[in-house]
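Visitor: Letter by letter, the chains look like this.
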Amino acid sequence: MKRRLPAPELLLCWLALLALLGLTVLGAYQPLGALNTPLALAIAVTKALLVAAVFMELRRGSALTIAFAGAGFFWLGILLWLALADFVTRPNVPKMWLINQPH
Amino acid sequence: MSDAPLGFQYTDLRQQHDTVQLGMWTFLATEVLFFGGLILAYCVYRGANPSGFAEAARHTRIVIGTTNTAVLLTSSFLVAWAVEAARAGEGKVAGILLWIAVLFGLAFLALKGIEYRLEYDEQLLPGVAFATSSPNAKAVYLFFSFYVVATGLHAVHVAVGIAVLAVIGRQAYRRHYSERYHGPITVAGLYWHFVDVVWIFLFALIYLPGRAS
Numbered sequence: 307m308k309r310r311l312p313a314p315e316l317l318l319c320w321l322a323l324l325a326l327l328g329l330t331v332l333g334a335y336q337p338l339g340a341l342n343t344p345l346a347l348a349i350a351v352t353k354a355l356l357v358a359a360v361f362m363e364l365r366r367g368s369a370l371t372i373a374f375a376g377a378g379f380f381w382l383g384i385l386l387w388l389a390l391a392d393f394v395t396r397p398n399v400p401k402m403w404l405i406n407q408p409h
Numbered sequence: 012m013s014d015a016p017l018g019f020q021y022t023d024l025r026q027q028h029d030t031v032q033l034g035m036w037t038f039l040a041t042e043v044l045f046f047g048g049l050i051l052a053y054c055v056y057r058g059a060n061p062s063g064f065a066e067a068a069r070h071t072r073i074v075i076g077t078t079n080t081a082v083l084l085t086s087s088f089l090v091a092w093a094v095e096a097a098r099a100g101e102g103k104v105a106g107i108l109l110w111i112a113v114l115f116g117l118a119f120l121a122l123k124g125i126e127y128r129l130e131y132d133e134q135l136l137p138g139v140a141f142a143t144s145s146p147n148a149k150a151v152y153l154f155f156s157f158y159v160v161a162t163g164l165h166a167v168h169v170a171v172g173i174a175v176l177a178v179i180g181r182q183a184y185r186r187h188y189s190e191r192y193h194g195p196i197t198v199a200g201l202y203w204h205f206v207d208v209v210w211i212f213l214f215a216l217i218y219l220p221g222r223a224s
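Sequences listed follow chains C and D, in order.
Going from the first sequence to the numbering used here is simple: count from 1 and add 306.
Going from the second sequence to the numbering used here is simple: count from 1 and add 11.
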């Protein structure tokens with residue numbers, strides 16, 4: 307018999323994604339101080355990995371497919387790493403960038 | 012079931028299928044860097060103006076944003092299910108699932124439109140209507156500039172995805188795809204899931220900051 311119902315892993319993945327969405331919204335309202343942003347990003351990465359592994363079928367992908375899929379994120383990592391290494395480590399941000407404050 | 016069109020440059024359908032997959036992943040890599048540049052700009056300006064970005068993010072509509080995230084996640088699930096059905100030879104089921112996913116995509120755009128309208132009324136759209144009395148006015152302006160560009164470009168991607176899914180859905184319904192030939196439907200699915208992934212990150216960066224303070 308041909309299957310009309312979704313595979314259990316697709317259903318589980320969808321439910322997990324919705325649960326993570328609820329969790330991230332709930333987490334955003336907790337006063338965690340500096341941890342709010344890392345929590346939101348960690349949940350976003352988890353959701354993205356779930357979509358990539360299950361919906362985009364990377365879990366069954368060949369090594370070549372995974373290499374192609376990873377290439378974009380590898381170069382994105384270089385972009386963010388090099389650029390933010392500069393911006394984050396500057397001891398004093400030049401005044402002209404502080405657009406909030408009068409100068 | 013229709014015949015399986017094999018491009019002249021391929022030895023068999025398997026090779027054609029693998030090539031099509033790699034082609035889509037290559038395109039998606041360029042898309043990662045396309046949206047990645049925007050997100051880098053966001054990180055730099057948020058780092059320089061944390062309180063202004065938190066204040067601006069509180070002006071976004073969390074209920075619409077969360078609903079839209081659920082809508083896109085659900086549409087992705089439907090598309091993944093459709094790919095599975097097409098591969099099992101259930102073309103009609105796949106076509107119907109894709110059309111339901113199209114409806115979810117349209118719902119996403121409709122909600123986004125309502126959101127833009129509300130922001131227009133609140134004068135939060137730089138370049139169109141923007142006015143605020145906040146001491147962080149410039150940071151709020153920067154945040155909403157990112158908001159408009161990022162969500163606007165994303166909405167264009169959603170619109171393209173809707174068109175692609177509608178065409179592929181029609182072909183699937185007409186039993187164009189089979190156990191042996193289903194490259195186009197998997198590739199359309201990859202694109203749709205990618206648009207979903209972009210939104211997952213935009214949601215975390217746009218709607219969530221500043222909620223606890």
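Treat the hints as calculated values from the structure; they're not laboratory data.
Here the structure is a predicted model, which means the values were calculated and not measured.
Warning: the hint list may mix true and false statements.
[Claimed, not checked] Have a look at the derived ranges for each label pair, beta carbon to beta carbon: (1) D:22 <-> C:335: 50 to 58 angstroms; (2) D:156 <-> C:384: 44 to 52 angstroms; (3) D:129 <-> C:340: 26 to 34 angstroms; (4) C:336 <-> D:191: 22 to 30 angstroms; (5) C:370 <-> D:145: 49 to 57 angstroms; (6) D:103 <-> C:391: 28 to 36 angstroms.
For each residue, glycine too, the CB sits at the ideal point set by N, CA and C.
Visitor: Take the hints in turn and mark each one as holding or not.
Guide: Right, here's what the structure says about each hint:
1. Checked against the hint of 50 to 58 angstroms, the C-beta distance between residue 22 of chain D and residue 335 of chain C comes to roughly 57 angstroms, which is consistent with it.
2. At about 26 angstroms, the CB distance of residue 156 of chain D to residue 384 of chain C disagrees with the hint of 44 to 52 angstroms.
3. In this structure, residue 129 of chain D and residue 340 of chain C meet the distance hint of 26 to 34 angstroms, their C-beta atoms being roughly 31 angstroms apart.
4. Between residue 336 of chain C and residue 191 of chain D the CB atoms are about 51 angstroms apart, so this pair departs from the stated range of 22 to 30 angstroms.
5. In this structure the hint that residue 370 of chain C and residue 145 of chain D lie 49 to 57 angstroms apart at CB holds, the actual value being about 51 angstroms.
6. Residue 103 of chain D and residue 391 of chain C have their C-beta atoms about 53 angstroms apart, which leaves the hinted 28 to 36 angstroms range violated.
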